[in-house]
Amino acid sequence: MAGMIGSPVKRKEDPRLITGNGYFTDDIKLPGMLYGTFLRSPHAHAVIKRIDASKARAFPGVAAVFTAAELADKMKAVPAMWFLPGCELKPKDRPALAADKVRYVGETIAFVVAKDRYVAKDALDLIEVDYEVLSAAVQQEQAMQEGAPQLFDDVPGNLALLWKAGEIPDEVFEQAEVVIKERFYNQRVVPNPMETRAAVAQYNPGGGEMTIWCTSQNPHIHRMIYADVLGIPESKLRIIAPDVGGGFGSKIATYSEEAVVACAARELKCPVKWVEERKEHFQATTHGRDEVIEVELAGKTDGTLTALRVKNTANLGAYLSTFGAGCPTIDFGLMVTGAYKIPQAAVVTYGVYTNTTPTDAYRGAGKPEATYQIERAIDLFADKIGMDPVEVRRINFVPKEAFPYGNAMGVTYDSGDYHLTLDKALEMLDYQALREEQEELRAQGRLVGIGFSTYVELCGFGPSAVAGAIGFQGGVWENSTVRVHPSGKVTVFTGTSPHGQGTATSFSQVVAEKLGIPIEDIELVHSDTQSVSMGWGTYGSRATAVGGAAVSIAADRVVEKAKKIAAHELETTVEEIDFTAGIFRVKGDPDRQRTFQEIAKSANFAWNLPPGVEPSLEGQSFFDPANFVYPFGTHICVVEVDAQTGEVFLMRYIAVDDVGRVINPLLAEGQVHGGIAQGVGQALWEGAVYDENGQLLSGTFMDYTMPKARFFPMIESAFTETLSPVNPLGAKGVGETGTTAAPPAVVNAVMDALKPFGVKNLDMPLTPQKVWRAIQNGREKQ
Amino acid sequence: MQIEYAHVFDIPLEAVWKLIQDEEVLKKSIPGCKSFVRTQEDVYHVEMGLSVGPIKGLFTGQVQMDSQEEPSYYRLLMKGKGMPGEIDATAHMHLKEEERGVVVSCRTEVVVTGVMASVGQRVMGGVAKLVLGQFFKSAEAEMKQIADES
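Residue numbers (the working numbering), protein chains in the order written: chain L, 383 to 1164; chain E, -12 to 137.
One chain only, chain E, in its complex shape:
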């Protein structure tokens, strides 16, 4: 299935580009993140807990960032496994400066198994939006704090 989401950052483009791929920002912003460890350049081992409706449990997996075209595009490859099923996702992240701010839009191709598949898109789409919304919100707060500190 496809999931699309966009968030507008009130932060300069260069800062968004740098910080949205920053290990510390990611660790603090991923909802339910229990562990975020770099295993190779641009590859991280992640543990996150999720609890939204029937999609409940601890997911472990790996996140990889590649195909960077500074400052407008990069790709996220995610593979995760948990009791509700397995996730295999490819997210295309586009950054664009607009009048209202920096728009980060992601278009994600997701393949899921288990409960996540059988409960259908209706629930999955909602959960994904909720999780992405939480992520971008806390990422923005995190980035602003870093920007203020520096």
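Pulled out of the complex, with its shape left as it was, chain L reads as follows:
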């Protein structure tokens, strides 16, 4: 169907989901299934002196209790899969179950399997564990200091990695006209998808086949890692991610729990299910961010930026998680210069083990932190030279003519037009009028602020050769098979594994447009390693740019073959065939035609195929892009701060995003809304807080503030389309734009509102208490 790409088609997924016919991991019920639950460490750092599970084992209804001793020769520890070279990386795997030491609150110690969840939970109480409690290393800078508690004997100073990229001599900053130095803490956040993690495992003791249903963003990566961990050939291990209720990065990681569930199913010869409770999710599923970022930004009084030096001290948690080494280094470091032509840049990252939950990718993974530091530093710079922050951005933007543009950190931005989104956003805002209004309101004692964020991010992972060069233990290509059935209905197999994105809708639109058939004739198959040959997952805003591109190419190949068959039947050459809107016509003789459905039947029946053409109608593609894609945009936030209470109210939020070709504006806008909600969440409310003993104080929804719809004004969203040259769709990525752009837009707005009090910087989250104190301090100084 022509015009499908770019059309706001309603999600194909929704009728199932909103009528309660979804099928999530917890919906799976198998005959004879047992239920498991984990005993978790109450201490952040302790030696396990004794575990006695005998009472739990004797409890009626308990099938087994596994501790490290029982699993010792049954499974391996779960390794990370990003081994960044050149940084003296000391990877520490997640143990199956803690054996002699626990390193964070929530680490698994034992797994109880019983006839139901209630019995399993009751039996947990009967396991006796004696600990020798050790002091904990919690904050990353303190953990690096001499005399700090050590997590591992062979990791001195708890330093897991030290990554350096670029170097700038001190003179550059000493001699610069203007220098901004600031320390930003990008606080730790908890992903909190609606569905927590879960796993069901079924083992066939006869043939040795194992099936694991689990909440995964990348089932093929789970298969690759768990095959090794469990000692099961990849060809006998099947991973299925059924409906998955969100992930935000937390379901990329391969954890030990899912593997322990599988191990238990194999030992007990019964299916076993485990569903993570929300409290467990807070403690045991990867957290995001937690980076202390120190910035030096040099420039001239005319507004030109000349050099940027950044130090990132990142808290990696107690073990190295799957992508843990990549987020604060590659993902962060290569993007520190943002949308600006800063000629010199250098980054050093310290990755530190601490007695906290391991950290890993969280919606944006490194890019929000990179964007935050540069967007905040630019505002401080503008303030220092007395220039409008919009003007400083304009002066330093990479110009449209400069693309493809190699930034100071060595990556090449594919395409961009940064003035385009800024101009559009300013027009939507009516900037000059609002500045005048702000002055009037200030005179009345009302604190209104305007904040900008003109971001660019690195998405669409990526060429596989680059993955190899940066130590990522896998490829980052995607594949698709478009299979046409005799009736002309189509099944599309994709390696992309969605978990709420609406991929079945957007990919169907691509195929509908290419094949000229109704979207209802297309079904997607994904997220099952037995149905789909390979896939590298949904993260890094790569679904459409890489997976969607593979679908598009596979559909083109279907058309290519169908044209040959049509030409044969219509007794002409392929060159003479014109294919539009699902009909093959002979050029200049449009009455001679075949429908797509007629050719589908001919191809599958194979009664009369042209010489050299094999039966069936199927196209396949394995697409490895030539580069990353670099979406960009301008977000503007307008806030009012209540001077009496310190509470921040969002008055307006404008988002002009350029994500390349928009396949479905409805889905794209939904991604923008959700991303902004999470980004504003980090700016104003969210934050995982540990006490000095490593106890997670914000471990429930009572103590951890999630954004709610009523906190937001109507988001004013618009798109411009600067196509990417690296994939046939021209698409970039939209999933992470909001979490990347929003935090600095909001904080810049609040700092602008607090300008009368001389407040320069506050760390997120900008809670009423923090803002109120800043106002009081400012008043005292006046």
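It is worth saying that the hints were derived from the structure and are not from the lab. Since no wrong hints were added, every one of them can be taken at face value.
Computed list of lysine to aspartate or glutamate pairs in EDC-like fashion (alpha-carbon distance at most 16 Å, straight line):
1. Lys871(L) to Glu980(L)
2. Lys43(E) to Asp504(L)
3. Lys14(E) to Asp29(E)
4. Lys1137(L) to Glu822(L)
5. Lys66(E) to Asp512(L)
6. Lys969(L) to Glu953(L)
7. Lys483(L) to Asp536(L)
8. Lys66(E) to Glu514(L)
9. Lys83(E) to Glu1(E)
10. Lys983(L) to Glu1000(L)
11. Lys43(E) to Asp507(L)
Partial list, computed: chain L residues near chain E (C-beta under 10 Å):
12. Pro424
13. His425
14. Ala426
15. Leu506
16. Lys661
17. Asn1075
18. Gln1077
19. Ser1080
20. Gly1081
21. Thr1082
22. Met1084
Positions of the beta carbon are idealized from the N, C-alpha and C atoms, including for glycine.
Place chain E on chain L using the hints.
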């Protein structure tokens, strides 16, 4: 975290000093006390049930009294373990005679784990005050009864 609490006794100082460390008084006054057994001089094994909001379950542990400076100060060392988590507390107990009566104030340093840690100070502080309030109230009633009997 720190928890502070004070209670005013309408009983002479010497009696408070003696009875507040008395095994029988303690056994009867500790809220939810299921067992209170002396294991050494000034060391007791305790089992107590608690049920306040999310903090629910049976705690087992040990209580030790030391550093007595009659009649004005002693120290309580408490270690307990239960499903909601573990407690490690040191309480400084000060007794002082004032016009309104004998003021027993305790300043406690508490380290907790598990649910007790993750629900935050907001709930913990309230629970502790509730439990301490119950304890001092019943201890006073108990002491008065003993004083009346003797």
